[in-house]
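S.K.: Top line first, the protein sequences correspond to chains S and W. Residue numbering for the first sequence follows the numbering used here, starting at 1 and increasing by one per position. Residue numbering for the second sequence follows the numbering used here, starting at 1 and increasing by one per position.
Keep in mind the hints are simulated off the structure, nothing from the lab. Accuracy of the hints is not assured; some may be wrong.
[Said to hold, decoys possible] Derived lysine-lysine pairs resembling DSS-like cross-links, with alpha carbons at most 25 angstroms apart: (1) W:Lys136 with S:Lys125; (2) W:Lys247 with W:Lys304; (3) W:Lys185 with W:Lys136; (4) W:Lys136 with W:Lys201; (5) S:Lys125 with W:Lys247; (6) S:Lys125 with W:Lys132; (7) W:Lys201 with W:Lys247; (8) W:Lys304 with S:Lys125.
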Amino acid sequence: MKSRTVKQQHVIPGFGLTLGFTLTYAGLLILLPLAGFFHLTAQNTWQGFISKAILNPRVIAAYRLSFTSAAVAAAINTIFGGLLAWVFVRYRFPGRRLGDALVDLPFALPTAVSGIALTTLYAPKGWLGQWLVPLGVRVAYAPLGIILALTLIGLPFVVRTVQPALLDLEGELEEAAASLGASRGQTFFRVILPAITPALISGFTLAFARAVGEFGSVYFIAGNMPMRTEIAPLLILIKLEQYDYPGAAAIGTIMLLVSFLLLLTINFLQTWSSKRRTN
Amino acid sequence: MKIKFCFPLSFVGIAIALTLFASPLTGRAATTILNVSYDPTREFYREFNAAFAKHWKAIGNGDVVIRQSHGGSGSQARAVIDGLQADVVTLALAADIDAIATHAQLLPTNWQSRLPNNSAPYVSTLAIIVRKGNPKNITSWSDLARPGVEVITPNPKTSGVARWNYLALWGFALQQELGPDCAAKLHDPAAAAEVAIAQQKARDFVARVFKNVPILDRGARAATNTFVQRHIGDVLINWENEALLSKNDLDAAGIEIIIPTVNILAEPVVALVDRHVDRKNIRPVAQAYLEFLYSDVGQHLAAKHYFRPTNSAIAAKYAARFPAVNMFTVTDYFESWEKVNQIHFNDGGEFDKMYTP
Numbered sequence: 001m002k003s004r005t006v007k008q009q010h011v012i013p014g015f016g017l018t019l020g021f022t023l024t025y026a027g028l029l030i031l032l033p034l035a036g037f038f039h040l041t042a043q044n045t046w047q048g049f050i051s052k053a054i055l056n057p058r059v060i061a062a063y064r065l066s067f068t069s070a071a072v073a074a075a076i077n078t079i080f081g082g083l084l085a086w087v088f089v090r091y092r093f094p095g096r097r098l099g100d101a102l103v104d105l106p107f108a109l110p111t112a113v114s115g116i117a118l119t120t121l122y123a124p125k126g127w128l129g130q131w132l133v134p135l136g137v138r139v140a141y142a143p144l145g146i147i148l149a150l151t152l153i154g155l156p157f158v159v160r161t162v163q164p165a166l167l168d169l170e171g172e173l174e175e176a177a178a179s180l181g182a183s184r185g186q187t188f189f190r191v192i193l194p195a196i197t198p199a200l201i202s203g204f205t206l207a208f209a210r211a212v213g214e215f216g217s218v219y220f221i222a223g224n225m226p227m228r229t230e231i232a233p234l235l236i237l238i239k240l241e242q243y244d245y246p247g248a249a250a251i252g253t254i255m256l257l258v259s260f261l262l263l264l265t266i267n268f269l270q271t272w273s274s275k276r277r278t279n
Numbered sequence: 001m002k003i004k005f006c007f008p009l010s011f012v013g014i015a016i017a018l019t020l021f022a023s024p025l026t027g028r029a030a031t032t033i034l035n036v037s038y039d040p041t042r043e044f045y046r047e048f049n050a051a052f053a054k055h056w057k058a059i060g061n062g063d064v065v066i067r068q069s070h071g072g073s074g075s076q077a078r079a080v081i082d083g084l085q086a087d088v089v090t091l092a093l094a095a096d097i098d099a100i101a102t103h104a105q106l107l108p109t110n111w112q113s114r115l116p117n118n119s120a121p122y123v124s125t126l127a128i129i130v131r132k133g134n135p136k137n138i139t140s141w142s143d144l145a146r147p148g149v150e151v152i153t154p155n156p157k158t159s160g161v162a163r164w165n166y167l168a169l170w171g172f173a174l175q176q177e178l179g180p181d182c183a184a185k186l187h188d189p190a191a192a193a194e195v196a197i198a199q200q201k202a203r204d205f206v207a208r209v210f211k212n213v214p215i216l217d218r219g220a221r222a223a224t225n226t227f228v229q230r231h232i233g234d235v236l237i238n239w240e241n242e243a244l245l246s247k248n249d250l251d252a253a254g255i256e257i258i259i260p261t262v263n264i265l266a267e268p269v270v271a272l273v274d275r276h277v278d279r280k281n282i283r284p285v286a287q288a289y290l291e292f293l294y295s296d297v298g299q300h301l302a303a304k305h306y307f308r309p310t311n312s313a314i315a316a317k318y319a320a321r322f323p324a325v326n327m328f329t330v331t332d333y334f335e336s337w338e339k340v341n342q343i344h345f346n347d348g349g350e351f352d353k354m355y356t357p
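So here's chain S without its partners, still in its complex pose (with noise of 0.2 angstroms):
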C-alpha cells in the first residue's frame, strides 16, 4: 500500500530506471577514480603519509598558499562578480550583451593561456610589469599573482550563480521599501543582500573550490619556488615525477579532506542562511 501511493506521487514514471542509471554514472565516473586514489593512497604506510603529507614543512606552507590564496581570490569575486552581476541584471547600456558575453570568457579559455597572458602582462619585463615593478609591486612571480590567475577562473562561478537570484528579485520589492521609509542603505543591507545571500555564497564555494584544484594558469605565473610560491597541486606533480605515486596521492588525499571539510561547512551555512531568510 505505501509504496504504491509513493509511486503515484511522481508525475513522469521510471524512477527505478533514471535511479539506475544515475548510480551506475555516479559510480563510474566519479567513485570508481576515487576508490582507484584512495587505494594509492593506502599504499602508504602511516608513517610515511604522516611525514609526507603533514609534518613537512615544506608541504605544510603550500597548502597554506593554496588555501589562502583560493579564499582571498574566492572573496574577490564574491564582493566584484556580485557587483557585475547586479550590473549586468539592473541596467541596460550599450555592450551589455557583449561584457555578459565575455564574463564566460574564462570558462572555456585554456587555462594556460590565461596563465601565460597574465605573466606577459606582469612579468618584470612586462607592459603593466615594467611599471609595476619599480614601485615595489611584484606580481608575477608573487603570491599576487596566484591570487590574479585564480580571480580570473573563479569570476564566472559567481556572475553566473548570482545573476538568476537577481533577476528573481523584483524591483517592487525595493520600492516597497523605500515607500515603507527605508533608507538606500536600508534597503540594500536588508531587503536585497538577505535575498541573494545564498546564491553569493554557492558562487564563492564554486570559485573557491575551482581555484583549489587550479594548476593550469598557476604554474606559470607563480615561478614555483619553494615555501615561497609553490603550489599544493605543484607538489603533487613533483612527487609523480620521482615516481612516488603513493606520496602524490597522500598530499591529493589531505587536499581532498580539507576542501570536503570547508566545503561542507559552507553548505551548512548556506541552509542556515536561507533558512533563516524565510523564518
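Given chain S's structure and the hints, the job is docking chain W onto it.
M.R.: What follows is chain W alone, placed relative to chain S:
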C-alpha cells in the same frame, strides 16, 4: 518507412567503415616503431628516422614507420611506466630509463650494458647563455654564485636538464677543491677528510647559485622562454645542443653562448623496451634502429643536430663545431644515478635542504 530507408544506408556505412579499418591489415603492413624521446631531439630524430627507414628497406626489408613522442624526459618515462607502448626509449638521463626498469619491469635493469658506450650513442654537455655583450662578465660556473647575478634553470625535481645543471655546478666545485685527480680522491678512503671539506664547499656553492634563481620552471623549454621571451635573468643554463641549435635565433634575440671549459659529460641514453617489442614481434628492427644510431650515418646526423658524436673519427670531423671541454662524468664524481637521486634529489635530499630552513 524511415527505417526501411535507413537500413540499406547503414549497410553502406558499415561496409565503408570495415574497409577503412581492414585496409591496414590486408594491405602492405608496414612495421611501426614508437620512439619515446625527450624535447630537444625532435629535429634530430625527424631526419634520423627517414634515414633509417631508407636504410632498412635498402638492406632488403619491408617498410618501417617510426612514430615519435616528445616531452620532458621524466614525464615521458612516467608515461611509459603508465602504459605508453614505447618500443624504444631515447631519454635525457639513465635514471629515467632505470625508473622504467624498476617500476614497470619492461626491460632488464642491466639495460645500459647492452649497447656500446653505456647506451649513449651521442653525448652533450652544458652551455651558459648570457645577454649580448655579457654585461655581467660571466666566464665560468663560479660567476653564477656571485650576488646580483640572476640564474635561470628549471627545477631539478621535475626536469632532466636541471639535474645535469645541478651536478655540473656541484662537480665543478669539487674539482676546484680537489684538483685534477678529483675522481681518484673521491674514491680514495685516505682522502676522506679532504673530500668531506670539498663536499661541504660544493654544497655551499650550489646553494649560493640556487639563491640566485628567481623562478623554478618545470622544464628546459619553459626556462628558455622565461629567459628569452620574458627577459628575466642574466644567465640561463641549458643543453649545449639546444643552445647551438637555436644559435641564430638566440643571436637575433641578443644572446650569447659560453661553453664552460670544465663541464659535465651529459649522456642521453637509448634502450629497447623488451616487453613491448617482444609482444609485437619487432625486436630485430627495433634493435637495428638503435644500432643505426652508432653507424656513420647516425653519428653524422647527430653531429649535424649538435649532439657530440661518440665515434671519435666522426667527432674529429666536427671539432670546429664543438669547443674542447674538460668533461667529468656522473660515475666519476657521483658513482651512479641511484646514488645521485638518493643523496641530492629525493625528498629531504640536498636540494630540498637548500630551500627548507
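S.K.: All hints, please: hold or fail.
M.R.: A quick look at each hint next to the structure:
1. Taking the CA atoms of Lys136 (chain W) and Lys125 (chain S), the gap is near 18 angstroms; set against the 25 angstroms cutoff, the hint holds.
2. Between Lys247 (chain W) and Lys304 (chain W) the CA atoms are separated by roughly 13 angstroms; this keeps the pair inside 25 angstroms, and the hint holds.
3. The suggested pairing of Lys185 (chain W) with Lys136 (chain W) is violated, with an alpha-carbon distance near 34 angstroms, which exceeds 25 angstroms.
4. At most 25 angstroms may separate the alpha-carbon atoms for a hinted pair to count; Lys136 (chain W) and Lys201 (chain W) meet this at roughly 24 angstroms.
5. Proximity of Lys125 (chain S) to Lys247 (chain W) is assessed by CA-CA distance (about 23 angstroms); at most 25 angstroms being required, the pair is judged to hold.
6. For the given pair, Lys125 (chain S) sits about 17 angstroms from Lys132 (chain W) by alpha-carbon distance, which is consistent with the 25 angstroms threshold.
7. Between Lys201 (chain W) and Lys247 (chain W) the CA atoms are separated by roughly 34 angstroms; this puts the pair beyond 25 angstroms, and the hint is violated.
8. As the CA atoms of Lys304 (chain W) and Lys125 (chain S) are separated by approximately 35 angstroms, the hinted pair breaks the 25 angstroms bound.
Checked against the numbered hints given earlier, this structure breaks hints 3, 7, 8; the rest are met.
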